[in-house]
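In case you want the letters, here they are:
Number of protein chains: 2
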Amino acid sequence: AMAPGIGGFGGLYPFGDSYLVAGTDGVGTKLKLAFEMSKHDTIGIDLVAMSVNDIVTSGAKPMFFLDYFATSHLDVDIAEQVIKGIVEGCRQSDCALLGGETAEMPDFYAPGEYDLSGFAVGSVKKDAVIDGSRIAAGDAVVGLPSTGVHSNGFSLVRKILAKSGRSLSDELPGAGHSPLTIGHALLAPTKIYVEQVLDIIAKGGVKGIAHITGGGFTDNIPRVFPEGLAAEVRVGSWTVPPIFKWLKEAGNVEEAEMFRTFNMGIGMVLIMEQMAAEQILKGDEPAFLLGQVINGEGVVYK
Amino acid sequence: AMAPGIGGFGGLYPFGDSYLVAGTDGVGTKLKLAFEMSKHDTIGIDLVAMSVNDIVTSGAKPMFFLDYFATSHLDVDIAEQVIKGIVEGCRQSDCALLGGETAEMPDFYAPGEYDLSGFAVGSVKKDAVIDGSRIAAGDAVVGLPSTGVHSNGFSLVRKILAKSGRSLSDELPGAGHSPLTIGHALLAPTKIYVEQVLDIIAKGGVKGIAHITGGGFTDNIPRVFPEGLAAEVRVGSWTVPPIFKWLKEAGNVEEAEMFRTFNMGIGMVLIMEQMAAEQILKGDEPAFLLGQVINGEGVVYK
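Heads up: the protein sequence lines correspond to chains Z and U, in order.
Going by my numbering, the first sequence runs without a break in its numbering and finishes at 382.
Going by my numbering, the second sequence runs without a break in its numbering and finishes at 382.
Calculated directly from the structure, the hints in this document are not laboratory data.
All values derive from a computational prediction rather than experimental measurement.
You can trust all of the hints, since none of them are fake.
Chain copies aren't distinguished; within one or between two, either way the pair holds.
Under the rule of at most 35 angstroms between Cα atoms (straight-line distance), these lysine-lysine pairs were calculated in the DSBU-like manner:
no. : residue 1 : residue 2
1   : 325       : 362
2   : 119       : 328
3   : 239       : 164
4   : 328       : 239
For reference, chain Z alone in the conformation it holds in the complex:
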C-alpha cells in the first residue's frame, strides 16, 4: 500500500483519491557556517527547501511544514532569525507553517549552536503522481539551476576550507562582476523549486524528477529511473557556478567526486518528453538541456 515512491524522495501515503507525500530533512553541517558567520536568517530557507524540494518530485503540492529547533539554552535573537528564514521558506513554497517544537536541551549543544529538522507534507492526485515509471529511452534530461552548494556536501566543504587556508570572508575567485565572499557564496540559501516545478508539471510531459542532494547527479538521478535505463549527461551543457570551480581547485577534488557530492549548479533534474522539454527550454525561467535517456545504468557523463 506504500508504493509508489520506493527509492523516491518523499514517502507516499494513500488518502482517498490522493497520495499524501511527506519528507523530512535537516540542513546538516551547513549550520556550522551559519554559526561561524553569525548569520542565521536564511538557514531556515534551507530547512524548508530540503523537505519541499523532496516532496515536489512526486508532483505533490506542499501543504504544510513543521520545524524542530533544538539548542542547549534558547537565544531568542538567534531563534527569531532562524524562524524568519523558515517563514520565508514557507512563503516561497506556498505552504503553511503548521507547528513546531523548540527544545531546550542543556548539555547537548555547544554555546550558540543548535540543530534543526523540518517536515513537510503535500498532496497529489493518485492519477497525477510522478514516479519515473514511464521514463523511456530518448526522453530529455532537463536541469534547473541551483543557487550554489545548497545544503549538502558541507563536510567536504569544511575540509576544503581548512586545507585551502582561505577564510570565509575572503573574496571568491572567479565571481566576476558580482564579487562576493566565499562565506556568502557557501551560505546562499537553497533554491525552492516548488512553484517552477509545479508550473512545468502543469504543462505536461514530465515523467520523473530528481532532487539533487547529497550524492549529486551520480546517486540521485538513478533513484527515479526504471531498470535498464541511464541518464546521459553532457558535461558543459550548463553553467557551473564559480563556487564549484573554486572548491574543485582548492580541494584538488576529482571530477567524479565533485559529481557524487555536489549539485554542480543543477539542483533539480526533470525527465521529460522531448517536445515538452523544448517548450520549457524556450520559457522565461532558466533551464538547461543536460542530455537524454539512454539504455544502460546510472549516469553516463559525456
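Put chain U on the given structure of chain Z with help from the hints.
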C-alpha cells in the same frame, strides 16, 4: 482556515471533508538517561508517543510517522536500537513509518550521543474533530494512567538525581512488590494512548482531550478549555506512582511545582459527558474520575 486547534496539541490543516492533524516533538533530556544507562531500545517509543499522543487529542487517527536522528558519527548498533523502538512505537499506534533522516553531523554531538525528533500526521473527519468547544460545567474530568514520568520534566529529574546522591542503579524506594531501579523507573517508555483514546471517542461523549506533557495538569488541561471554565481536580482520586513520590521527597519539590512539571501518574485527561464517563470508568482499561468542570479558570486542585 487553520482553526480549530489554536492552543490545541496538534496543528490542523483542512483537506476535503477531513482535517489533517500534524504534531512534532523530541524526547528532550530523557535522552541523557538513555545515554547514561546505555539503553537505547525504548527511547524511540517515547519519540513516537510524544507526537501521536498530541494528535489523538483532536480525535485524529495517526496515519504515518517520520523520524530525524542526528549524531556526530553514526554508531550502527545504537541506531538500530533506536529504530527498533520507533518501529515498536509505530506498531503500538498503528501508523506507518513513512520515512526518516539519519544525519551525521561531526562536531555537533558528544561521542555516543544523539538527538531525535519525530513527526506524526493523522486525520479526522471535520464533523468529528474534538476541540473542547462544547465543554460545559458539570462535565467529568477523566484521567488515563501514565507509565511514569514519560518524556517531560527531565531537566528537573536530573537536578533532583544530582542533589539526592542516588545513582540510577539504586532501587526506587516505595516500589513495593515489583522492585525496580530509579533508572528503569525513569526510562520507562511513554504510554501510547492512541488505541485506548480512539476506542473511548468511538463510544461518544468526549468533548476535549489534554495530553499531559511539560507543564503538567496546570498548563495542559486549560489549553482545551473554553473561557470561563476550570477543571476541578481532586488530588488523591488516582494512584500516584512511586517515582513521583520519590522525586518530590528527594528534591524537596513543592506540590504546585510537581503538578506544573510532571504528569503525576495521569498522562491523558479527557473531558466527557458524565454518562459517557461512567461507562469508561466501569470498563476493562484503567481510568480515574479526577473531578469535574466548574466555572472558573485554570485547574482548581481540591
